[in-house]
Amino acid sequence: MEAVPARARGYVTGVALLAALSLSRLPATPTPWAATLLLAALYATCEHVVHRRFGGPFYPVLLAGAFLLPPAAAALVPVPAALLSPVEHRPALPRRVWRAAQPALAVWAAARVHGALGGRDAVVRSDFPHALLPAGAAVLAFCLVLTALDGGLRAAAGPVPLRRAWRGLLARSLAAVAVHGLAGLMMAVLWRSPYGPVSALLVLLPMCVSWWVFAQYHRERAAHQATIRALVQAVDIKDGYTRGHSERVGQASVLIARELGMDDDRVEVLRFAGILHDVGKLGVPTRLLRKDGPLTPQERRIIELHPEYGHEMVRGISFLGEARAAILHHHERLDGTGYPYGLAGAQIPECARIVAVADAFDAMTSTRSYSRARPVEAAVAELERCAGAHFDPRMVTALVRALARSGWHPAVTADEPAYGTPPAQRASRTGVPR
Amino acid sequence: MTVLRLVHGAAALVSAASLAVTLWTGLADRGDALAFGVLIAVGELTRWSDTRARQAAPLGAAGSLSYALLGADAGRPSQHDAAQVVTVVLVAALIGAVPHIWAGRTATADHLARRVLTVGFAAVCFQPLYNRGVFDSWSGPAYALLLLTLLALTSLCGAVLAAALAHCRTGWPFGPLLREELRGLLGIGSAVVATGAVIALAVAVVGLWALPVFCLPMLLVQLSVRRYAAVRATYRQTIASLARATEIAGCTPAGHARRVAALSLAVGRDLGLTGPELTVLEYAALMHDIGQLSLVDPVPAGATAALPAAEQRRIALLGGAVVRQTGVDAAVAVVVERQADPYPEQPLAARIVRAVNAYEEKTREAGPEGPLRALEELRLGTAGDYAPEVVESLARVLAQPQGARERVPVRRTGLSDPEPGWVTHG
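Chains A and B supply the protein sequences, listed in that same order. Remember, this note's numbering sits 19 above the position in the first sequence when you count from 1. Remember, this note's numbering sits 57 above the position in the second sequence when you count from 1.
Hints in this document: simulated from the structure, not taken from any laboratory. For every residue, glycine included, the Cβ atom is placed at its ideal position computed from N, Cα and C. A few of these clues could be false.
[Claimed, not checked] Among the chain A residues that face chain B by a calculated CB cut under 8 Å, a handful are:
id, residue
1, 148
2, 163
3, 202
4, 213
5, 224
6, 226
7, 427
[What the hints assert, rightly or not] Distance windows between CB atoms, simulated:
id, chain 1, residue 1, chain 2, residue 2, range
8, A, 282, B, 273, 24 to 32 Å
9, B, 422, A, 277, 46 to 54 Å
10, B, 202, A, 103, 27 to 35 Å
[Unchecked claim] So the derived list for chain B, only partly shown, Cβ under 8 Å to chain A, looks like this:
id, residue
11, 245
12, 248
13, 291
Required output: the full structure, derived from the provided sequences and hints.
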C-alpha cells in the first residue's frame, strides 16, 4: 500500500480529531501525572521491544492505564509510543497519527466505561470479585472500539466491501484482549497496593515470555513448512515430467475431502497426503523416472516400489496420521488389481481412495512427457468410466460435484526450480513471512 | 550415582520431617492450603513429559513458590510454617503426578525431589523470619524486591540441582548442563519467578480471588511452550525423514544418518556444546549425506570418506544447497557445506560430523577389531583431515559403556528409527 487514498486520509483525520477531542478534557481533570507518564514510558518501551521483535499489539499497559487513570489521561498513554515508533512504509505521518489516535480512542472508551461502573474505586479498595465486572465491560468496550475503527479503515482504504470489512474482527481479537485485560487489571491492583508500581511491572514479564515463546513457535512452524515444501520440490525435480503435480494433487484431495464434509483437521491431513503421495519417488533411480518410451516389466516393478519407499520415509512423522496410509495405498484399485498389496474395496483406507482419484485427475489434466493435457471434462468422463473398478465412485462423484461448483483453478507455489536458484533467493524464503 | 541418592534421600527426609511436623501441629489457614494445593495439582496435571523442556510444569512451579512466599491473605497475616508449605506442595504434586505415574512416564521421582527441595529452600528462607515479624517494618516495594530476590536465589539453586540430577542420570559433563539450565532461567524461568512473586503479592492484597485471575498469563505461557515443543518435535521428525531419503534411495546404508547423529551428539556434548549448538549439530549430522541425492551415479555404499578431497567437497556443497532449500537454520547448511574442508578452517560442528562420519564408515563392515583400527586411522589422519581434539573426544565417548552413550534417546530421533529387521532397498 504505497499511496494512501483520499478516503482513508479523511477517515484518519476524523479519528484523530475525535481522539484530540477526548484529550481536550485533560486540563480540566485532576491527573496523576507521575503515573500517566510512567505508564506512557512503559508502553513505549513495551511497544518498542515486543511489537518490533515479535509482532502483535501489547495491550496490558494500555488497559492498566484505563483501570487506573481518568479517561483523558488514559487516552494520553498510547500517544508517545506511536509518535516515537519507526514506520516501515511511507507516508509516515498518517500512519503515526492513526497509530496514536486508534488506541487513544479505545482506551478512552474503556476508561469511561470502567469509571462509570465504579471500577476505579473497586481497584483502589482491591475489592474482588466486584472489580471484575467493570473490568470486563471496559475490555469489551476497548475491543469494540478497536475493531470498529479497524473495520472502518479497511472499508475506507481497501477494496474490501463495506459489509465484509468487519467480519470476524471482533471474534478474533476478543479472547486475546480479554487475557490482556486480566493482566492489566492485575497491574492496576498491584499498582495501587502498598507494594507499588515495582510489583505491577512483574506482571508484564510472563506476558513478554509468552509472546517470545509464541513467536518462536511461529518461526519453527514456518521452517517446518518450508522443509516439507523442499521434500516435495525434490520429488518434482527428480520426476521432471510435471512441475507442481504434488501440490495440485494436494489441492484436489482437499476439494474431495471438503465435499465429503470431513472436519478441518482431516482435510489438512489429506492435503499433506496429496502433497507427499509421491515422496517415495526419491528412492527410485532418476533414469527410470525420466525414461522415454515403454518400461520393461522389471523397470515397472522398481517404479511400483515408490509407495512403499514413501511410507518408509514418512513413517516417523507422527503429525501426518492417516496420510501415511494414503501414501502407502494410493495405487491400490477398488477391484484389487493395484499395488503394493492388492487391497480391494473397503480394505483400502478412505484417504488413499481420495488421493488416488486426485492423482489420476491431475495426471490427466496436466501435460506429461508421454501425453498432452486433456480438458477437465474429458478427464472427468474417464474417471467416471473407471469408477467402481479402479476408483471409488463416492470420491469421483464428490470431485465432480466440487468441480461443478468451484471449477479447477490450481495455484501452485512450489512451481520453481529447487536446486538451481541462487543462494540469496533461497535464503530469503527461510525466514518468517511477515 | 551417589549424588542422585543424596538428592533423593534429602528430599525424602525433608518430606518425612515436614509431614510429621504438620501432622503434629495440624493445618493452619486451611482455605489457603486447599486453594494453593488445587492450583499446584492442576499445574502438575498439565505437565508434559518432554525431557528437553527445562521447565515442564511452569504453573505448578509458580504456584508452589508463591505458596512458599505467601505472607498474607487479603491483608491478614498468614499462619502457616515452612513444614506446612512442603507438605501441601508434596501432597498436591503427588496427586497431580498420579496420571503421569500411571502412564509410566519416567523422571517423576526426580521431578518431585526437585520440587520438594526448591520449595523447602524458599520456605525455610522466608517463613520463619516472616512469622517472627522481621519484615513487618519493611516498606511495600522493598518487600516485593525481597520476594523477587528470594525467588531468583531459589531458581539458581533449582538450576544447580537440576543440572546435578541430569549429570547423574546421563553422565554428560556438568558444566554445559548447568549452562543450559541457567539459560533456561532467562526465558521461561523468569516468567515462573515473576508469576510466583506476583501471586504471593496479589493474594496478600486481594485474597484468594487472585489465584484464578492471575494464573491465566502463566497458563498462556504453558500453552505456548507446549505448542512450541510439539512443533519442534514434529520438525525433528521431518528432518529425520528427509535424512532417510538418502537411505531409501540406496545412497547410504540403513541407519547411517541416525548413527552419525547420535554419536555426533555424544561427542558434541563431551566437547561442551549446549542447546542450540547441539540442535544444529544434530540436524547437520542427520543431513550430512543429503548431497548424494543430487548425484547421477551413487557413491559405492555411500562411503564418502574414501573419496578424493575435491569430490568430497563437491558433494558437501551440493548437500549445503539442498539444506538451504529446506529452510532449516542457515548454520546447519554451513556445517553440511564445510564438512569436507580441512579441519583448521571448519566450525566445530563440521569437524565433529566429519570425524564421526569417517569413523562410522570405517567401522561399518570391519568386524570386531574395526573400532580400534578406525580410531587409529583417524588419529593418523589428524594432520589435516580430522581435528585431534574431536578424535580424542570420540575415543572418550566410545570408551564409555554402551549404556551411558545410548541413554541419549530422550531426544526424539528415536521415533523415526528403523526397526531392527528393517531392510534397505537398493
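Now the hints, each set against the structure:
Evaluation of the residue 148 of chain A hint against chain B yields a held restraint, the C-beta minimum of about 6 Å falling below 8 Å. The closest approach between the C-beta of residue 163 of chain A and any C-beta of chain B is roughly 21 Å, which is over the 8 Å cut-off, so the hint fails. Residue-level restraint check for residue 202 of chain A holds (minimum Cβ-Cβ distance to chain B is 5 Å; threshold 8 Å). Contact between residue 213 of chain A and chain B, as hinted, is supported at the beta carbon level, the nearest pair being about 4 Å apart and thus within 8 Å.
Satisfaction of the interface hint for residue 224 of chain A is found here, the shortest Cβ-Cβ separation to chain B being roughly 4 Å, below the 8 Å cut-off. Annotation: interface hint on residue 226 of chain A holds; nearest CB of chain B at approximately 6 Å, less than 8 Å. Given hint, residue 427 of chain A at the interface with chain B, is violated; its Cβ is 29 Å from that chain's nearest Cβ, farther than 8 Å. In this structure, residue 282 of chain A and residue 273 of chain B meet the distance hint of 24 to 32 Å, their C-beta atoms being roughly 28 Å apart.
A hinted range of 46 to 54 Å for the beta carbons of residue 422 of chain B and residue 277 of chain A is consistent with their spacing of about 52 Å. With their beta carbons about 29 Å apart, residue 202 of chain B and residue 103 of chain A fall inside the hinted range of 27 to 35 Å. Restraint check, residue 245 of chain B versus chain A: the minimum CB separation of about 6 Å is within 8 Å; hint holds. For residue 248 of chain B, the shortest C-beta to C-beta distance to chain A is roughly 4 Å, which falls under 8 Å, so the interface hint holds.
Because the smallest distance between the Cβ of residue 291 of chain B and any Cβ of chain A comes to about 5 Å, under 8 Å, the interface hint for this residue holds.
The structure shown violates the earlier hints numbered 2 and 7.
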